[in-house]
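Trainee: So the sequences go chain by chain: U and X. Numbering-wise (this note's numbering), the first sequence opens with residue 1 and increments by one. Numbering-wise (this note's numbering), the second sequence opens with residue 1001 and increments by one.
Certain hints may be false.
To be verified - Here are the simulated DSSO-like cross-link-like pairs (lysine-lysine), alpha carbons at most 30 Å apart as the crow flies:
| id | chain 1 | residue 1 | chain 2 | residue 2 |
| --- | --- | --- | --- | --- |
| 1 | U | 71 | X | 1071 |
| 2 | U | 58 | X | 1014 |
| 3 | U | 42 | X | 1014 |
| 4 | U | 42 | X | 1071 |
| 5 | U | 15 | U | 5 |
| 6 | U | 58 | U | 68 |
| 7 | U | 58 | U | 15 |
| 8 | U | 68 | U | 57 |
| 9 | U | 58 | U | 5 |
| 10 | X | 1014 | X | 1057 |
| 11 | X | 1057 | X | 1071 |
| 12 | U | 42 | X | 1009 |
| 13 | X | 1009 | X | 1057 |
| 14 | U | 58 | U | 42 |
| 15 | X | 1071 | X | 1009 |
| 16 | U | 71 | U | 57 |
| 17 | U | 57 | U | 5 |
| 18 | X | 1057 | U | 5 |
If you're looking for bench data, these hints aren't it; they were derived computationally from the structure.
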Amino acid sequence: QQQVKQSPQSLIVQKGGISIINCAYENTAFDYFPWYQQFPGKGPALLIAIRPDVSEKKEGRFTISFNKSAKQFSLHIMDSQPGDSATYFCAASMNSGYSTLTFGKGTMLLVSP
Amino acid sequence: NAGVTQTPKFQVLKTGQSMTLQCAQDMNHNSMYWYRQDPGMGLRLIYYSASEGTTDKGEVPNGYNVSRLNKREFSLRLESAAPSQTSVYFCASSGRGWETQYFGPGTRLLVL
């Protein structure tokens, strides 16, 4: 049973454009939602995270939008750059983070020059 | 600080062979994890260790065993490798709370 569904599988965006990746979850007990970024040949690294008590969190060009009623959250990358080309994973956990992470299947982003 | 280190980086096995993947962290983290990554499947948790002396099964534990050797080291063993275990294996660790997980560079395993 996939508890976190991520879309799209792959995404091509022109340099300067906005990249949007969406995730939906089923378990209402989830209360922590991070995004991880993975470059080819490397391990994933935490990019940005949000808790459901806020609807949006912004760090530089990266923004998480959270819709608790719809059980959805998304990552927006503004002014996308070729260096943002990577695979992005959404994830979710329970108990204020004191539980294991459940990952989405990932989105491969390519930002064309 | 090296963070999370994994050895080997790459390994080729024949079906039925055994091997141990090693993982170590120097961040004094309590929790450690083993994931496998397959194309289109995301990251799937194999086993984790919430603290030294404890281990628990994750989503896909069959065919694997783990040992939390001490606070720094967490190993993953394949007793009898199968082609279905061809994958990239990542070790991760986390400190206070389980929130931010720090990943190693991965071990690429090919089972023929």
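Trainee: The structure should be examined with respect to each hint, and the outcome stated for every one.
Mentor: Hint check results:
1. Between residue 71 (chain U) and residue 1071 (chain X), the direct Cα distance comes to roughly 37 Å. Violation of the 30 Å bound is thereby established for this hinted pair.
2. Among the hinted pairs, residue 58 (chain U) with residue 1014 (chain X) is inconsistent with the structure: their alpha-carbon atoms are about 48 Å apart, more than 30 Å.
3. Our distance criterion of 30 Å between C-alpha atoms is met by residue 42 (chain U) and residue 1014 (chain X), whose separation comes to about 25 Å.
4. Simply put, residue 42 (chain U) and residue 1071 (chain X) have alpha-carbon atoms about 24 Å apart, close enough for the 30 Å limit, and the pair holds.
5. Our distance criterion of 30 Å between C-alpha atoms is met by residue 15 (chain U) and residue 5 (chain U), whose separation comes to about 27 Å.
6. For the hint linking residue 58 (chain U) to residue 68 (chain U), the alpha-carbon distance of about 17 Å falls within 30 Å, and the restraint holds.
7. Taking the CA atoms of residue 58 (chain U) and residue 15 (chain U), the gap is about 20 Å. The hint holds against a cut of 30 Å.
8. A threshold of 30 Å between alpha carbons decides the hint, and for residue 68 (chain U) with residue 57 (chain U) the separation of about 14 Å falls inside it, so the pair holds.
9. Our distance criterion of 30 Å between C-alpha atoms is met by residue 58 (chain U) and residue 5 (chain U), whose separation comes to about 22 Å.
10. Proposed proximity of residue 1014 (chain X) and residue 1057 (chain X) is supported: the alpha carbons are some 25 Å apart, at most 30 Å.
11. With a CA separation close to 18 Å, the supplied pair residue 1057 (chain X) and residue 1071 (chain X) stays within the 30 Å bound.
12. At roughly 11 Å between alpha-carbon atoms, residue 42 (chain U) and residue 1009 (chain X) fall within 30 Å of each other, so this suggested pair holds.
13. Taken as a hint, the residue 1009 (chain X) and residue 1057 (chain X) pair is honoured in the structure, with Cα atoms around 24 Å apart against an allowance of 30 Å.
14. The straight-line distance between the Cα atoms of residue 58 (chain U) and residue 42 (chain U) is roughly 25 Å, inside the 30 Å bound, and the hint therefore holds.
15. Our distance criterion of 30 Å between C-alpha atoms is met by residue 1071 (chain X) and residue 1009 (chain X), whose separation comes to about 22 Å.
16. For the proposed pair residue 71 (chain U) and residue 57 (chain U), the alpha carbon gap of about 16 Å is at most 30 Å, so the pair holds.
17. A threshold of 30 Å between alpha carbons decides the hint, and for residue 57 (chain U) with residue 5 (chain U) the separation of about 21 Å falls inside it, so the pair holds.
18. Restraint check: the Cα-Cα separation between residue 1057 (chain X) and residue 5 (chain U) comes to about 22 Å, which is no more than 30 Å; the hinted pair holds.
In the structure shown, a violation is registered for the earlier hints numbered 1 and 2, in ascending order.
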